[in-house]
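Asks: Here are the chains, one letter per residue:
There are 2 protein chains.
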Amino acid sequence: MTDIFLSKINSTKIIPSIRQGDRRILSRCISWIENEHADYLELLQSLPADYSTRKVIGITGAPGAGKSTLIDVLIGHLISEHKKIAVICVDPSSPFHFGALLGDRIRMNKWFNHEDVFIRSLASRGNLGGLNPKVIEITDLLKAADFDYIIIETVGVGQNEVEVAAIADTTIVVLTPGSGDDIQTMKAGLMEIADIFVVNKSDHEQTDNLVKNLQGILIQDQQPIPVLKTIATQGEGVRELWNQIKIDLSDETKNAHKPELLAAEAYQLIQYQRMKDLSKEDLSKDIRELIQHEQFNLYQLISKYT
Amino acid sequence: MTDIFLSKINSTKIIPSIRQGDRRILSRCISWIENEHADYLELLQSLPADYSTRKVIGITGAPGAGKSTLIDVLIGHLISEHKKIAVICVDPSSPFHFGALLGDRIRMNKWFNHEDVFIRSLASRGNLGGLNPKVIEITDLLKAADFDYIIIETVGVGQNEVEVAAIADTTIVVLTPGSGDDIQTMKAGLMEIADIFVVNKSDHEQTDNLVKNLQGILIQDQQPIPVLKTIATQGEGVRELWNQIKIDLSDETKNAHKPELLAAEAYQLIQYQRMKDLSKEDLSKDIRELIQHEQFNLYQLISKYT
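Chains A and X, in that order, are what the protein sequence lines are.
All you need for the numbering used here is the position in the first sequence, starting with 1, plus 452.
All you need for the numbering used here is the position in the second sequence, starting with 1, plus 452.
Careful, some of the hints might be misleading.
Said to hold, decoys possible - In silico EDC-like links for lysine to aspartate or glutamate, alpha-carbon gap of 16 angstroms or less:
id: 1; chain 1: A; residue 1: 681; chain 2: A; residue 2: 712
id: 2; chain 1: X; residue 1: 732; chain 2: A; residue 2: 712
id: 3; chain 1: X; residue 1: 710; chain 2: A; residue 2: 734
id: 4; chain 1: X; residue 1: 737; chain 2: A; residue 2: 712
id: 5; chain 1: A; residue 1: 710; chain 2: X; residue 2: 621
id: 6; chain 1: A; residue 1: 507; chain 2: A; residue 2: 703
id: 7; chain 1: A; residue 1: 710; chain 2: X; residue 2: 598
id: 8; chain 1: X; residue 1: 536; chain 2: X; residue 2: 494
id: 9; chain 1: A; residue 1: 756; chain 2: X; residue 2: 598
id: 10; chain 1: A; residue 1: 710; chain 2: A; residue 2: 621
id: 11; chain 1: X; residue 1: 710; chain 2: X; residue 2: 494
id: 12; chain 1: X; residue 1: 465; chain 2: X; residue 2: 488
id: 13; chain 1: A; residue 1: 710; chain 2: X; residue 2: 741
id: 14; chain 1: X; residue 1: 710; chain 2: A; residue 2: 621
id: 15; chain 1: X; residue 1: 710; chain 2: A; residue 2: 738
id: 16; chain 1: A; residue 1: 737; chain 2: X; residue 2: 712
id: 17; chain 1: X; residue 1: 710; chain 2: A; residue 2: 712
id: 18; chain 1: X; residue 1: 681; chain 2: X; residue 2: 657
id: 19; chain 1: X; residue 1: 756; chain 2: A; residue 2: 734
id: 20; chain 1: A; residue 1: 710; chain 2: X; residue 2: 657
id: 21; chain 1: A; residue 1: 732; chain 2: X; residue 2: 712
id: 22; chain 1: X; residue 1: 507; chain 2: X; residue 2: 644
id: 23; chain 1: A; residue 1: 710; chain 2: X; residue 2: 746
id: 24; chain 1: X; residue 1: 710; chain 2: A; residue 2: 568
id: 25; chain 1: A; residue 1: 465; chain 2: A; residue 2: 486
No wet-lab data here; the hints were simulated from the structure.
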């Protein structure tokens, strides 16, 4: 325990330590962000202006699609290339997540103790879309560290996950054959955010069917998005996936949109700060009471909060 | 021109006039809300506590699905039952919309001059999700008038329309055969919001195919939602549709969720009021400049706005 932890956050010492690879300070800072420590925004304000060059890879898909196994193999591949990787897991069903079944945790545990791999699970906050600002903030902190790549794993089931994908430089949507994933993917709005589709568990007999359906929809939408087949449990197709990720990450045309993407992030963070005093549950309680006393007027209610 | 228009909004005179059916004052008040007249929130705060009992029918679907023709026939049906109807049109492609082609406008024009029908188009604001608060506010004002039903027409293509549907007591999603509408409907998130599906233009040869696909998805989701066939241009199936709408509107189990729905509306309106000083375009401009001068830090930027 060093002095910098004892009192107020001392950003001038912390950020250089994180940049030099101090994982303990990094972990502590992530907790500060998660728990909204009094000085956490000050810490983030001290990030150097050049911190945002690190590449972020988003991986999303339904629970059980094999995202964690795929990330597991990807980590192995990157470690063999002497890269350092951070993984943020915002999927509560993931084996990387501390709340997961013990068996799964043990299976993935090797990376928790590898010095070039940093894995952190984030608790989902449910309402307020409260998770996303934390993911943005923690990702930015990780960019100030010494990682070559940052991987964000999310469950692709709803709007929150789609928004998280906006902070990734490349987004991979993982599907499995025989699961009705093509329909679910469309319903969750994942067609629009995918830079690469992965059909995992591609030894399943329904594989060609899913690939065909997917390509049919992509052609209809005139979106030339690559569809790759993998069998993550056997490491099959993962090298090809990594090559495709590198091609996508090096696409310069994407950089032109950077200010708009950052503006969208800024907007979301400002909205979070301005709205975090308010919960729909409290409003709902107020409204029940007002209705009961026959005094409900929506605009009188909102005037108390604006 | 009466005195109440000359100075400050005089709510004690205006609301009773609207309740008694004064369409000119109603129109003026809607413009006040649209343009955020200095006193418009005060006007809404003076709505009586019992104003929210009027039923709202949401009708959504892709451009060209026949929503307006369907509403046209529905209005005819309701007029024959001596009902008064208000229609809010937030679909810029609709013939009810003033920006639409002249030919279409003339076709629908009969209702513009009918004393028991009030039609108002709302301009879409694009960013900020800026349209929805206005739709909520104007719908609430219309509830204070003398209408039996309020119909909101939206284009079902994105998140905004899904949110608008949350203020409707019953939501009808209109599809057309042979248009890939089943796929688009899933992608736009319209499966979840539909209380009733209408397959319009059901003399098309692909009708049974669309109905079958739709029912397949509904069975998979375990959603027992009625699918009705209409040919709006011939008035076919519209009586059956109205009967289904009445069944859905009288479903008492829906009222249990009323406080939560109102809380969601309140939250959205508060967020709108707290965020309306801010635009993503301005943020994007700021960010471009900061990046150019190598001084960009997201958290320093947002601290200026929180």
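Asks: If a hint holds in the structure, say so; if it doesn't, say that too.
Replies: The hints, checked one at a time:
no.: 1; hint: A/681 - A/712; verdict: violated (32 angstroms)
no.: 2; hint: X/732 - A/712; verdict: holds (8 angstroms)
no.: 3; hint: X/710 - A/734; verdict: holds (15 angstroms)
no.: 4; hint: X/737 - A/712; verdict: holds (9 angstroms)
no.: 5; hint: A/710 - X/621; verdict: violated (41 angstroms)
no.: 6; hint: A/507 - A/703; verdict: holds (12 angstroms)
no.: 7; hint: A/710 - X/598; verdict: violated (51 angstroms)
no.: 8; hint: X/536 - X/494; verdict: violated (27 angstroms)
no.: 9; hint: A/756 - X/598; verdict: violated (29 angstroms)
no.: 10; hint: A/710 - A/621; verdict: holds (10 angstroms)
no.: 11; hint: X/710 - X/494; verdict: violated (24 angstroms)
no.: 12; hint: X/465 - X/488; verdict: violated (20 angstroms)
no.: 13; hint: A/710 - X/741; verdict: holds (13 angstroms)
no.: 14; hint: X/710 - A/621; verdict: violated (41 angstroms)
no.: 15; hint: X/710 - A/738; verdict: holds (13 angstroms)
no.: 16; hint: A/737 - X/712; verdict: holds (9 angstroms)
no.: 17; hint: X/710 - A/712; verdict: violated (37 angstroms)
no.: 18; hint: X/681 - X/657; verdict: holds (13 angstroms)
no.: 19; hint: X/756 - A/734; verdict: violated (28 angstroms)
no.: 20; hint: A/710 - X/657; verdict: violated (47 angstroms)
no.: 21; hint: A/732 - X/712; verdict: holds (8 angstroms)
no.: 22; hint: X/507 - X/644; verdict: violated (20 angstroms)
no.: 23; hint: A/710 - X/746; verdict: holds (14 angstroms)
no.: 24; hint: X/710 - A/568; verdict: violated (52 angstroms)
no.: 25; hint: A/465 - A/486; verdict: violated (20 angstroms)
Checked against the numbered hints listed earlier, the structure breaks hints 1, 5, 7, 8, 9, 11, 12, 14, 17, 19, 20, 22, 24, 25; every other hint is satisfied.
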